[in-house]
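Protein chains: 2
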Amino acid sequence: MTQDILHGIDTIVPENGLAKKLAHGKTLNIKLGFDPTAPDLHLGHAVVLRKLRDFQQAGHNIIVIIGDFTARIGDPTGRNVTRPPLTTEQVMANADTYIAQLAKVLDITKIQIRFNAEWFGKMGFDEVIKLVSNVTLGQMMQRHDFRTRYEEGRTIALHEMLYPVLQGYDSVVIDADIEIGGTDQLFNCMVGKMIQDALGCKNSQVVVCMPLLRGTDGHEKMSKSKHNYIGLTEDAENMFGKTMSIPDALLIEYLELATSYSETEKANMKAELDSGNCNPAEIKKMIARNIVTIYHDAAASEAAQLAFERKVQKKAFSDVDYQPRALAELGLTPDSTLLDACHAALPEKSRSELRRLADGGGVKINGEKVSDLNTALTQTAMPFTLQIGKRDLFRITA
Amino acid sequence: MTQDILHGIDTIVPENGLAKKLAHGKTLNIKLGFDPTAPDLHLGHAVVLRKLRDFQQAGHNIIVIIGDFTARIGDPTGRNVTRPPLTTEQVMANADTYIAQLAKVLDITKIQIRFNAEWFGKMGFDEVIKLVSNVTLGQMMQRHDFRTRYEEGRTIALHEMLYPVLQGYDSVVIDADIEIGGTDQLFNCMVGKMIQDALGCKNSQVVVCMPLLRGTDGHEKMSKSKHNYIGLTEDAENMFGKTMSIPDALLIEYLELATSYSETEKANMKAELDSGNCNPAEIKKMIARNIVTIYHDAAASEAAQLAFERKVQKKAFSDVDYQPRALAELGLTPDSTLLDACHAALPEKSRSELRRLADGGGVKINGEKVSDLNTALTQTAMPFTLQIGKRDLFRITA
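Listed in order, the protein sequences are those of chains A and B.
Just so you know, we're using the numbering used here here: the first sequence kicks off at 1 and counts up by one.
Just so you know, we're using the numbering used here here: the second sequence kicks off at 1 and counts up by one.
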């Protein structure tokens with residue numbers, strides 16, 4: 001079990017700290033911070049959550065810190081539009097959404113949930129001064145983001161430097177043995193350790209950072225704002241289809257970080273990939289099947305695969321695959337263009353994205369590629385089928 | 001009167017701000033900050049206080065901010081031994097001492113005194129975050145001390161960056177029109193202006209910085225810790241004697257910054273100095289007389305000059321100038337050395353200082369220089385007179 005827990009971690013500070021804590025045999029407090037401004041979880045977050053499940057199954061205590069204190073303040077400068085102040089109701093709703101998603105990986109009946117306004121809400125200015133005196137500017141500037149912004153002469157509002165100290169102090173309050181996050185959280189997690197040490201706590205937390213999963217674009221880390229994510233609550237077909245859309249270069253990364261295959265199974269699949277004798281798409285399907293099974297179930301996973309193969313791979317769509325749309329329902333008239341129709345059917349794609357898709361042969365009318373989206377709909381007999389990209393198919397009726 | 005107020009200031013920000021505020025004709029709120037860890041005032045502080053008196057005499061409102069909130073916290077890191085946390089009683093005692101000294105320059109029945117724990121004591125962490133969000137790291141790093149310490153890799157605890165923000169916020173609370181200090185306070189005063197502006201206050205304070213007075217050593221700014229100061233509460237003879245000890249190179253600086261002579265009188269004295277026909281010691285005496293008159297009165301000033309001339313210049317001491325000391329009272333025996341006797345009589349001078357003084361001819365027995373302080377007292381007939389330096393004279397009796 002200890003071997004399972006130690007497996008797949010990117011960074012442990014101090015290096016032998018986790019093995020030592022585990023060897024001690026006591027129940028450990030494992031801290032997981034949650035920023036309630038961003039409640040949607042995806043496979044990137046799940047890398048951390050699945051490691052937490054290893055800890056939970058070994059009998060350790062998972063403590064989720066809801067950072068409600070700062071979420072309700074937001075960014076007082078108003079410069080960061082992604083951080084408006086949240087009401088208590090919004091924080092609670094986001095926390096509920098978050099915990100419901102945690103349930104897809106963790107036994108949430110056994111986790112502890114703490115809201116940090118509990119301790120920060122009653123902290124006076126004098127205590128704030130004493131708290132932040134434990135941290136130096138030099139330590140804060142170890143954070144890459146602060147250092148580069150300072151060196152480039154960009155603005156760092158002073159309260160931003162307090163935020164890592166706040167979340168670090170959470171570790172003191174909950175007596176954390178371990179704080180876990182992605183490797184992009186190394187700095188924040190280290191501040192927790194630093195403050196525990198500065199305040200002479202008996203516990204000095206071990207920092208455990210999991211590797212970052214790249215998104216479906218194959219380049220950037222998975223993130224909602226980059227639109228390259230696979231959400232934990234997506235339906236089985238979307239989850240399967242999005243996984244099938246990752247570039248082959250990410251197969252091993254997804255196999256390692258996102259699936260529940262055993263080490264032996266993973267080794268076999270890697271060997272097959274290395275041999276060059278197998279079609280990577282077959283391995284990708286196995287990965288997608290496994291992922292959908294984790295977040296839905298085996299039956300849903302099988303159905304998702306069948307639907308995917310029928311629609312995308314065999315390019316054979318049955319009537320049931322079409323999404324029928326009447327012109328009026330889409331807000332179109334016969335004078336509208338094909339571009340208008342595509343955008344009305346798939347509003348999440350911008351007009352320029354749709355043009356690029358058509359240029360690449362990704363838009364089809366009755367199965368035939370069309371490159372000129374400026375054509376009026378009157379040029380096409382109704383009803384017709386409109387395929388946009390690999391997976392979206394509509395039947396447009398008058 | 002406006003001309004008097006504008007006279008002798010080193011820096012005004014914005015440059016035409018003070019003239020504009022004065023032209024407006026309303027009663028101005030003039031802020032003076034006081035750090036209650038250092039209650040002893042000297043002629044250096046008086047440069048600022050005498051400018052405040054100009055404002056007070058013109059009918060403006062002087063508001064003294066006692067920084068009790070941070071004084072009671074002290075330096076939480078314990079690294080700065082000059083900032084232990086003060087008790088409320090110590091703060092009050094220091095404030096009393098301070099205000100009693102202010103009375104030597106200002107009409108203290110007309111000043112307003114505010115303790116900043118009044119507003120900071122009830123400020124919550126959320127309000128602290130909003131407050132400090134108005135200031136950027138870049139702005140704080142304009143402070144020379146912060147910038148050099150950061151660049152040299154020395155420690156800056158994060159709470160130190162909050163302190164200028166606190167004292168800046170004082171300006172918001174008291175609705176300051178003007179903040180005054182020495183040129184070494186320019187940064188702190190500017191933070192007050194910055195925070196008023198960031199919070200959209202109707203008042204944006206004008207910063208008025210007075211020149212710094214150098215101490216009796218002729219080099220460093222006057223400061224208690226440098227032992228080069230002339231305290232406002234020193235007795236007339238010490239005040240006169242210390243002023244007479246300043247190097248000639250500082251005569252004009254003291255004439256300008258420390259005396260109450262009129263502009264015409266100052267101009268005449270400067271012309272005399274420039275002519276090279278007068279003894280600078282005579283101008284120095286006029287400066288010393290004026291200074292002692294300000295903080296004592298004309299009679300005390302005259303007596304101080306007479307005593308100084310008798311003792312130091314004419315080297316003619318009368319019996320009344322001697323401080324009689326018996327061996328036993330000094331903890332000496334006839335076997336003690338001359339060095340023991342000097343150190344017992346003047347314990348504030350170290351043994352090595354006394355040796356250097358003797359080497360330079362500054363120690364005399366019965367008016368004769370002695371260079372060897374290792375001689376036993378038995379070598380000298382009792383009683384004898386012992387002169388140490390220019391102003392300390394003892395009669396040592398058996």
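Don't read these hints as lab results, they were simulated from the structure.
One thing to keep in mind: the hints can contain errors.
Note: identical chains are not told apart, hence a pair may lie in one copy or across any two.
Derived pair list, reagent style DMTMM-like, types lysine to aspartate or glutamate, alpha-carbon separation capped at 25 Å [claimed, not checked]:
1. 21 - 175
2. 130 - 118
3. 130 - 89
4. 130 - 75
Hint by hint, here is what the structure shows:
{"no.": "1", "hint": "21 - 175", "verdict": "within (14 Å within a copy, 56 Å between copies)"}
{"no.": "2", "hint": "130 - 118", "verdict": "both (19 Å within a copy, 19 Å between copies)"}
{"no.": "3", "hint": "130 - 89", "verdict": "between (32 Å within a copy, 21 Å between copies)"}
{"no.": "4", "hint": "130 - 75", "verdict": "both (23 Å within a copy, 8 Å between copies)"}
Of the hints listed earlier, there is not a single one the structure fails to meet.
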